[in-house]
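> Just so you know, the protein sequences line up as chains G and W, in that order.
Heads up: the first sequence begins at 1 in the numbering used here, then just goes up one per residue.
Heads up: the second sequence begins at 1 in the numbering used here, then just goes up one per residue.
Hints should not be assumed to be uniformly reliable.
Stated by the list, open to error - Partner residues aside, some chain W positions facing chain G, computed with beta carbon under 8 Å:
#1 D8
#2 F14
#3 V15
#4 F24
What the hints assert, rightly or not - Some chain W residues near chain G, calculated using beta-carbon distances under 8 Å:
#5 L10
#6 V11
#7 C17
#8 G18
#9 A21
#10 L22
#11 M25
#12 A26
#13 Q28
#14 S30
#15 L93
#16 G118
#17 S119
Just so you know, these hints were derived from the structure itself, not from any lab.
By construction, the Cβ of each residue, glycine as well, lies at the ideal position given by its N, Cα and C atoms.
Below are the chains, spelled out letter by letter.
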Amino acid sequence: MTQFFQRLGHSTLSSFAKLGRGSFFLMQILKATLSVIPRPRLLINQLYSVGVLSFLIISISGLFVGMVLGLQGFYILSDFGAEETLGMMVAASLVRELGPVVAALLFAGRAGSALTAEIGLMKATEQLSGMEMMAIDPIKRIIAPRLLAGFISMPLLAALFSAIGVLGGHMVGVGLLGVDDGSYWSQMQAGIDFQDDIINGIIKSIIFGFAVSWIALFEGYDAIPTSEGVSRATTRTVVNSAFTILGLDFILTALMFGDI
Amino acid sequence: MQNTRTADTLVGLFVACGIGALFFMALQISNLSSFSKNATYTIIARFANSGSLKIKSPISVAGVHIGRVSNISIDKTSYEAIVEMQIDAQYNLPDDTSASIYTAGLLGEQYISLEPGGSEDFIQPNGVIDITQSAVVLEEIIGKFLFDKASGE
Numbered sequence: 001m002t003q004f005f006q007r008l009g010h011s012t013l014s015s016f017a018k019l020g021r022g023s024f025f026l027m028q029i030l031k032a033t034l035s036v037i038p039r040p041r042l043l044i045n046q047l048y049s050v051g052v053l054s055f056l057i058i059s060i061s062g063l064f065v066g067m068v069l070g071l072q073g074f075y076i077l078s079d080f081g082a083e084e085t086l087g088m089m090v091a092a093s094l095v096r097e098l099g100p101v102v103a104a105l106l107f108a109g110r111a112g113s114a115l116t117a118e119i120g121l122m123k124a125t126e127q128l129s130g131m132e133m134m135a136i137d138p139i140k141r142i143i144a145p146r147l148l149a150g151f152i153s154m155p156l157l158a159a160l161f162s163a164i165g166v167l168g169g170h171m172v173g174v175g176l177l178g179v180d181d182g183s184y185w186s187q188m189q190a191g192i193d194f195q196d197d198i199i200n201g202i203i204k205s206i207i208f209g210f211a212v213s214w215i216a217l218f219e220g221y222d223a224i225p226t227s228e229g230v231s232r233a234t235t236r237t238v239v240n241s242a243f244t245i246l247g248l249d250f251i252l253t254a255l256m257f258g259d260i
Numbered sequence: 001m002q003n004t005r006t007a008d009t010l011v012g013l014f015v016a017c018g019i020g021a022l023f024f025m026a027l028q029i030s031n032l033s034s035f036s037k038n039a040t041y042t043i044i045a046r047f048a049n050s051g052s053l054k055i056k057s058p059i060s061v062a063g064v065h066i067g068r069v070s071n072i073s074i075d076k077t078s079y080e081a082i083v084e085m086q087i088d089a090q091y092n093l094p095d096d097t098s099a100s101i102y103t104a105g106l107l108g109e110q111y112i113s114l115e116p117g118g119s120e121d122f123i124q125p126n127g128v129i130d131i132t133q134s135a136v137v138l139e140e141i142i143g144k145f146l147f148d149k150a151s152g153e
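This is chain W alone, in the form it adopts within the complex:
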């Protein structure tokens, strides 16, 4: 009897440790804890070039993370990138907010930075941001720089 009880305890400990490890992975290792269970709303921005922006890239205002990119597609007539963003519902943005694509860190992860304007009206869900600044493509800048150099001489 003592023996079975020890086995039971050890099996219980083993299962508890395993489930503990699963919880650890979910909460400490992955982004599950930063998932906002809050409601979100969608806004759209059109960019001439979305660079290497990806689905799930972060969206921030003044450096604070307020949402994620949910979809990137292309407009079939204007050939602009249409970026759909899920913004946490607790944040309202003025309707003259501008969106820019910036690069974070050395490894080149890109994110959207929103700069709120001074308007009194808020962007409605599924609203469109009109003022956008495209991703900076390094090759273009180098090309322009070389071109300026060459024409200057």
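Next up, chain G with everything else stripped away, as it sits in the complex:
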């Protein structure tokens, strides 16, 4: 019995300790962010590996999600004789929810896991301590550009996801199922508000990008420096990012669209 409480207490304390280390780590990164500006090369390299390499998976997934939405939406809406509103349905679900959330989940799987593995291996092979020995701050040199790259590329990727999804829905809805082209776009424009829908979707994706990059970098930085530790940290990045994205999404949606 005591053992149970001991274990419970231990895991509570260690998760709080981890949260504390994470917050401290974030503060250090934020302080170091300004030092990236005079070295844009670091940022560009990271934008390449975080953003450009996620481009393909995001655009292909966006296309398919949009096409499925077009198909499913058409079948449901045609029961009510309202298939003209297909454009609005596809665009609203993509811009408000699916764009930011699915793009962030894919981003966590594609870029977040890579970041954790990279940082974790740098730690395991003592490259980070080596940098410190040479009086180079690894937070400034390695971590901060990566966080900034995630922060910049996530809204762009989510916007791409939504835009390509809308085109995919158009392809299926207008191209295959015969929804009128004009009403697809006009219903969409009548139903989607720039401020309420698009801006809120972008805000969501910025927050997700920030959260995923933070989790990925911290898990890598905090990993036990063995091959097993790095592999566990990579798994934790994907799992924790998914939880964080979905939980944050609920909170943000309630704040933005609900009257709670």
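Given the coordinates of chain G, work out where chain W should sit on it, guided by the hints.
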């Protein structure tokens, strides 16, 4: 050197595509393009029942969109709905214009239709439309119909 240049180009393409997608969303998906940057003026109409009219519901004259509902409130003494409308400043309406709430489409989106009268004077900004017709509430009509049926027999 060649390698960095390729990376630069790809990053540039990526950022350009992302910004392009944002523009696409702003202009093609949302109502930003139909936002009139033109000046607007406010007029007020009082309805006995505003139905399911919402803020941002469209206002049209002869089917042409000329403005949006900007606010709906209730008069504390007469219990009428006070609907404030933003009308595009390039359209002047005669002061005997009447306003009706109609339903568009199957899904029941409601809009205000304005029917200009023959007066020579225009409604001033913050002017009030006196002749209004309330939203049609389906339950009321069915109730009246059933009542007429029952009393007729």
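> Against this structure, judge whether each hint is valid.
Against the structure, the hints come out as follows:
no.: 1; hint: D8; verdict: 6 Å, holds
no.: 2; hint: F14; verdict: 5 Å, holds
no.: 3; hint: V15; verdict: 7 Å, holds
no.: 4; hint: F24; verdict: 5 Å, holds
no.: 5; hint: L10; verdict: 5 Å, holds
no.: 6; hint: V11; verdict: 5 Å, holds
no.: 7; hint: C17; verdict: 6 Å, holds
no.: 8; hint: G18; verdict: 3 Å, holds
no.: 9; hint: A21; verdict: 4 Å, holds
no.: 10; hint: L22; verdict: 5 Å, holds
no.: 11; hint: M25; verdict: 5 Å, holds
no.: 12; hint: A26; verdict: 6 Å, holds
no.: 13; hint: Q28; verdict: 7 Å, holds
no.: 14; hint: S30; verdict: 4 Å, holds
no.: 15; hint: L93; verdict: 23 Å, violated
no.: 16; hint: G118; verdict: 32 Å, violated
no.: 17; hint: S119; verdict: 32 Å, violated
Checked against the numbered hints listed earlier, the structure breaks hints 15, 16, 17; every other hint is satisfied.
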